[in-house]
Amino acid sequence: MSVDQATVRRVAHLSRIAVTEDEVAHLQGELNAILAFVEQLGEVDTTGVEPMTSVIPMQLPLRTDVVNDGGDARRVLANAPVAEDGFFAVPKVVE
Amino acid sequence: MTELTRLTVTAAREGLAQGHFTATELTQAYLDAIAPAGDLNAYVLATPDKALEMAKASDERIAKGEAGPLEGIPLGIKDMFATNGVRTTACSNIIKNFVPPYESTVTSQLWRDGAVLLGKLNQDEFAMGSSNESSAFGPAVNPWRRNGSAQPLVPGGSSGGSAAAVAAHICAAAAGTDTGGSIRQPAAFTGTVGIKPTYGRCSRWGIIAYASSLDQAGPIARSVNDAALLLRSMAGHDPKDSTSANLPVPDYEAAVGASVKGKRIGIPREYRVDGMSAEIARLWDKGADMLRDAGAEVVEISLPHTKYALPAYYIVALAEASSNLARYDGVRYGERVPGRDIVEMYEKTRAAGFGDEVRRRIMIGTYVLSAGYYDAYYLKAQKVRTLIKRDFEIAFAEGIDAVLAPATPSAAFGIGEKSSGDPVEMYLQDVFTVTLNMAGLPGIAVPAGLSSEGLPLGLQLIGRPFGEEGLFSLAQVIEEAAGRFEIAERWWE
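Just so you know, the protein sequences line up as chains A and B, in that order.
Straight run, no breaks: the first sequence in UniProt numbering ends on number 95.
Straight run, no breaks: the second sequence in UniProt numbering ends on number 493.
Among the clues, some could well be false.
As the list claims (entries may be wrong) - Once the Cα atoms are required to be at most 20 Å apart in a straight line, the calculated EDC-like pairs of lysine to aspartate or glutamate come out as:
1) B:Lys389 <-> A:Asp45
2) B:Lys261 <-> B:Glu480
3) B:Lys418 <-> A:Glu30
4) B:Lys307 <-> B:Asp274
5) B:Lys348 <-> A:Glu21
6) B:Lys261 <-> B:Asp285
7) B:Lys286 <-> B:Glu300
8) B:Lys261 <-> B:Glu297
9) B:Lys389 <-> A:Glu50
10) B:Lys383 <-> A:Asp45
The set of hints was computed from the structure by calculation and includes no laboratory data.
Construct the entire structure; sequences and hints are all you get.
Right, here's the structure in full:
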């Protein structure tokens, strides 16, 4: 499978990465080179093979559902690019 | 190089215990070695004040007879590990001013055991690369050069700054991370020892995530014994990482020097890839001889799905990366570029903050997970992954204790040599290392010889799950037979 320029733009948007028109052609070439490389997996017969879900067999641990951390808005917000009144601030989302 | 920075961790520990020198003197010697080593670009942040403060505390504990296993040992830390109050960037512009208010579990265990932080080490951006060239701080430079040449070489990647710093004796050892070969390939390129432990052996909590089902932390050091010492402190169960293994941590140092008599070592015929240099092939044979001389039995084995590990890796890792890196959106941390609305803000923030390789990987990951392609790519790759792991399980069930393979297809290459044009050319660097990450197995890279051009070459030993002790015993045999490799000319000073 190879991608066309419209797909490159769609994937860039899904990835939430702005790309300029100049970059699209270049990215198309690079993405197609990588996709051509992974294409060889088609040669492998995977009939009846279970997909890997856990590389080392382990049981997911359970813990009591209690609050065990938090309550420190100051530290949580310390690296925020914009914060107001103890909250992260973003452009208006709902009109 | 001073007498103090020449010492291995093992020897420095002895000297500190005997009172031959203080932790402060040892730390100062490293700080004095870091200062003129700017040309290596190994450190992205040196923390001299913190280092001296920690060394002073170490000296006090030594005086009181309360020394930890790594008391007073000055370490460099890859910039993937969150360090409390110390800038942590993953060498990306998108979090170039991030100061974590918490400490990763692995580094907190190093400090618990008395180690001293010298600073944060260069790497490929978000650990995505095999040459350290994708770092937002510019490439780290290999302290090794070809005979009679001043051409700058890559130290490998992604833990390139870590390997360069250890080889150049500007830290006693380093903590790195390995997702597809990022500890072992740079170790091989710099004549150092690096181990990627079994998936789950070290906690991933507080390590910046690249591909969560593959990422593992491990040490880079100047000797097998040093690596064993460090891993003992780094490993262990952590309730904050649900994939960390709840198993006791063995005394790895006790395994160094243990007999390998009767161990069965597999040589996988599929690793004899097209285009393998004659030099690497000879080194591999030599390594088999070293193990045979020590009493191990060397047999040819087959790992038939080897060839598919790399393409499957590039689907699994990139899919996980696209998901993990969604968090860099300019809201909770990192740099923000304003936009008309929130989507434009995200898009501009991420376009400005991510470098080319990271952008490429996120886009591929997004594509293979997108509607209509998930089964063809991601599900297929996870099935191939099952087959790759099964290859090893069959070999181990047939009595193989460990697998011997080259660590890299070549010696270190020049900066810029592989960074233009086809991204796949760089990906092939990981051909011998990536299978283990896919199978969750431990692997150690150990220097085994020099190329005709005078560059270090490494071999890799691959073990059973949680078989790190066996790997240390085998690696020690190679280290003893091959010797250790030091840089003759310290051109950067």
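Against the structure, the hints:
1. B:Lys389 <-> A:Asp45: Between Lys389 of chain B and Asp45 of chain A the Cα gap is close to 15 Å, so the pair holds against 20 Å.
2. B:Lys261 <-> B:Glu480: 15 Å, holds
3. B:Lys418 <-> A:Glu30: Cα-Cα ~14 Å, so holds.
4. B:Lys307 <-> B:Asp274: With a Cα-Cα distance of about 11 Å, the restraint between Lys307 of chain B and Asp274 of chain B holds, given a limit of 20 Å.
5. B:Lys348 <-> A:Glu21: At roughly 14 Å apart (the allowed maximum being 20 Å), Glu21 of chain A and Lys348 of chain B satisfy the hint.
6. B:Lys261 <-> B:Asp285: Cα-Cα ~18 Å, so holds.
7. B:Lys286 <-> B:Glu300: Cα-Cα ~15 Å, so holds.
8. B:Lys261 <-> B:Glu297: 8 Å, holds
9. B:Lys389 <-> A:Glu50: With Cα atoms ~12 Å apart, Lys389 of chain B and Glu50 of chain A stay inside 20 Å; holds.
10. B:Lys383 <-> A:Asp45: 10 Å, holds
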